[in-house]
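2 protein chains.
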Amino acid sequence: MKYRTPATMQAVQQDEAAGRLFLRELPVPQPGAGEVLVRMAAAPINPSDLGSLAGLSYSGSRTYPITPGNEGSGTVVASGSGLFAKMLLGKPVACSPSTEGKGTWAEYMVTSAQYCLPLRRGVDIEQAAMLVVNPLTALAMIEIARKGKHRAIVNTVAASNLGGMILRLGQRQNIPVINIVRRAEQVGVVRSRGGEYVLNSSEPDFVARLRELAQRLKATLFLDAIGGEMTQQLADAAPFGSTLLLYSKMSQQNCSVDPFVALVKSLRFHGWFLPNWLRTKNLFQSIAFSRHAQNLLATDLSSHIGRRVPLSSAQAALDRYVQGMTNEKVLFRIGAAG
Amino acid sequence: MKYRTPATMQAVQQDEAAGRLFLRELPVPQPGAGEVLVRMAAAPINPSDLGSLAGLSYSGSRTYPITPGNEGSGTVVASGSGLFAKMLLGKPVACSPSTEGKGTWAEYMVTSAQYCLPLRRGVDIEQAAMLVVNPLTALAMIEIARKGKHRAIVNTVAASNLGGMILRLGQRQNIPVINIVRRAEQVGVVRSRGGEYVLNSSEPDFVARLRELAQRLKATLFLDAIGGEMTQQLADAAPFGSTLLLYSKMSQQNCSVDPFVALVKSLRFHGWFLPNWLRTKNLFQSIAFSRHAQNLLATDLSSHIGRRVPLSSAQAALDRYVQGMTNEKVLFRIGAAG
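So the protein sequences, as listed, match chains A and B.
Read left to right, the first sequence gives residues 1 to 338 (our numbering).
Read left to right, the second sequence gives residues 1 to 338 (our numbering).
I should point out that these hints are in silico values taken from the structure, not numbers from a laboratory.
There may be inaccurate statements among the hints.
If chains are identical, the list can't say which one is meant, so a pair holds when it fits in one copy or spans any two.
[Said to hold, decoys possible] List of simulated lysine-lysine pairs, BS3-like, C-alpha gap at most 30 Å:
(1) LYS91 with LYS147
(2) LYS265 with LYS102
(3) LYS281 with LYS149
(4) LYS281 with LYS91
(5) LYS149 with LYS91
(6) LYS147 with LYS281
(7) LYS149 with LYS265
(8) LYS91 with LYS218
(9) LYS218 with LYS265
(10) LYS147 with LYS102
(11) LYS281 with LYS86
(12) LYS281 with LYS218
(13) LYS102 with LYS281
(14) LYS147 with LYS265
(15) LYS147 with LYS218
(16) LYS86 with LYS147
(17) LYS86 with LYS102
Model, not experiment: these values are computed from the prediction.
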């Protein structure tokens, strides 16, 4: 039973960095060698999308117009050559774009077969749309904490969806999490999730309190999604020998690091990027990792969906998301499946 | 034969950060438990002293007035309790201050016995005054390169005394060194030492040339003594998976690090501090390391002494040093031995 791909599709496009979003009628792309065509079912707006939309680039070069969206779910409806690509044909998958700027906010996406995770029976297609960016990152962070024998974790985006996952996984593995939020009203969000240690970085004694708490709990793994001055605040508070994972740039500013603080305390700052981390795993480790994430997708790693919107509302949804940001997950429902 | 310690000594003092230097008559300090009293023979001005004199602090807290000087040589003339302290009595040593602000630019210094390296027979007391900061750092950097399987090294202070040592050790171990200098006239200094790869960071195509050269030579260990914008330039040029050692702050500015560059290339930034590194060695490793350094002190690890001056000329010597900086090593000759 061959799927009949239409000639054109609806896709969101942005014509320049920080530019507005448009819904356009575009040709459906064709998969090349090792690639698949995914008919998208759902795709979220993530905090990391905001950086991409502002013009921050992972690959260092992108060609406008772009289609945004760093993850989603759907069904593989066509494949290019290659064993793994062929195997995925007809299967539901969670997926990410393998080319920057050819993202998931579209009815169809071509991506590398290696950027698709086949979904287990019974996994919810909406939750699966949010499998990659947050759940895999949360699991990876906990694995890094365990392997590095870190006794506790400091998390800078505690009120976010990712923050909730890290907190729940930490609770299950007896790894205390020190939760940093930016606004007073977010303290309650983290407390309602059962967060015991919550610090508001806007308060004047923030660094002193973080230092005291990190020393007491022996928190030596700092997850820095912010950059800018936050990095130096974390370094100031960090116990001797701590590791800071630099994994996003939500301040949109470069990290500031005092080399004296870094050298006296033997601090380590490691750039951390999920695709690079996944590449350090062999095939069997990757499959086990993906299964583990899917098993937890209805519980510890579930995302609370605040609103479902069509692609045609992309700009309006984004505007609202920027205001509410971490409190509400917005999901695009795409195509006939929506 | 008991050494008769005088009641007072001449010592250099600075009364506030960035303040002038004075030669003062002070009481000779007494060694406590595990400490020794060293009658100083010689002590250098190092680039790292400039940061200390400007007020940068390794320990984070210091009480003025301070006596500067991070290394030197002399004879242990009194000891407090403790086996190692007693064993050093009467011996010539290379030494560093164990308390920040109680330095080597004085006729006598009390320090921890653990901060003294007993000198082998025949080691020159002037070269020994410069054994710790540069030779041990150079040897450590080469060991880090070897153990980390880095194929080549990028060094940011190539025209310095340390730069020469790293270059010579690298040549002997077949580890190419990419030498970065800041001024056109320093290119010749490095070339005259046999440096093959020399880049001037003041030239407009510096980053592009460094990137090309680092890729070609597989240089994945970057020694950053500068901080500030240099750190980001190194990160921009660094191959995937590179390590940047942050070990000084000669720009007197915090390192700037773009987290996107760091995460996409899985870069690592490690604060590196010689005393911390030495503490990772056991006693036997430390002795072997110190012997190795002393054996090379007349050859690969020798420092060219530009001028010898008395402590009474400290301020004048410092003023001249700041102008010439890396081109000429200034040594204080101290006490009767001078």
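Here's how the hints hold up against the structure:
For the identical chains of this complex, LYS91 and LYS147 are neighbours neither inside a copy (34 Å) nor across copies (46 Å), given an alpha-carbon limit of 30 Å. Taking the closest pair of Cα atoms, LYS265 and LYS102 come within 30 Å of each other only across two copies (21 Å); inside a single copy the shortest separation is 42 Å, beyond that limit. In the homo-oligomer, the alpha carbons of LYS281 and LYS149 lie at most 30 Å apart both inside one protomer (20 Å) and across protomers (21 Å), since each shortest distance falls under that limit. Taking the shortest alpha-carbon separations for LYS281 and LYS91, only the intra-copy value of 23 Å comes in at or below 30 Å, while the best inter-copy value is 55 Å.
Taking CA atoms no more than 30 Å apart as the test, LYS149 paired with LYS91 passes in neither setting, with 38 Å inside one copy and 43 Å between copies. Proximity of LYS147 and LYS281 under a CA criterion of 30 Å is satisfied in both settings, with 14 Å inside one chain copy and 23 Å between copies. In the homo-oligomer, the alpha carbons of LYS149 and LYS265 lie at most 30 Å apart both inside one protomer (18 Å) and across protomers (25 Å), since each shortest distance falls under that limit. For the homomeric pair LYS91 and LYS218, neither the shortest alpha-carbon distance inside one copy (45 Å) nor that between copies (42 Å) is at most 30 Å.
When the C-alpha separation of LYS218 and LYS265 is checked against a cutoff of 30 Å, the pair qualifies both within a copy, at 14 Å, and between copies, at 29 Å. When the C-alpha separation of LYS147 and LYS102 is checked against a cutoff of 30 Å, the pair qualifies neither within a copy, at 35 Å, nor between copies, at 41 Å. Taking identical chains as interchangeable, the C-alpha atoms of LYS281 and LYS86 lie at most 30 Å apart only when both belong to the same chain, with a minimum of 22 Å there against 54 Å between chains. Taking the closest pair of Cα atoms, LYS281 and LYS218 come within 30 Å of each other both inside a single copy (28 Å) and across two copies (24 Å).
In this assembly of identical chains, LYS102 and LYS281 lie within 30 Å of each other by CA distance solely inside one copy; the values are 25 Å within and 51 Å between copies. Taking the closest pair of Cα atoms, LYS147 and LYS265 come within 30 Å of each other both inside a single copy (21 Å) and across two copies (22 Å). With identical chains, the CA atoms of LYS147 and LYS218 are at most 30 Å apart both within one copy (15 Å) and between copies (29 Å). Neither within a single protomer nor between protomers do LYS86 and LYS147 lie at most 30 Å apart by alpha-carbon distance, with minima of 36 Å and 43 Å respectively.
Taking identical chains as interchangeable, the C-alpha atoms of LYS86 and LYS102 lie at most 30 Å apart only when both belong to the same chain, with a minimum of 21 Å there against 71 Å between chains.
Violated hints, listed in ascending order, are 1, 5, 8, 10, 16; each of the other numbered hints is respected by the structure.
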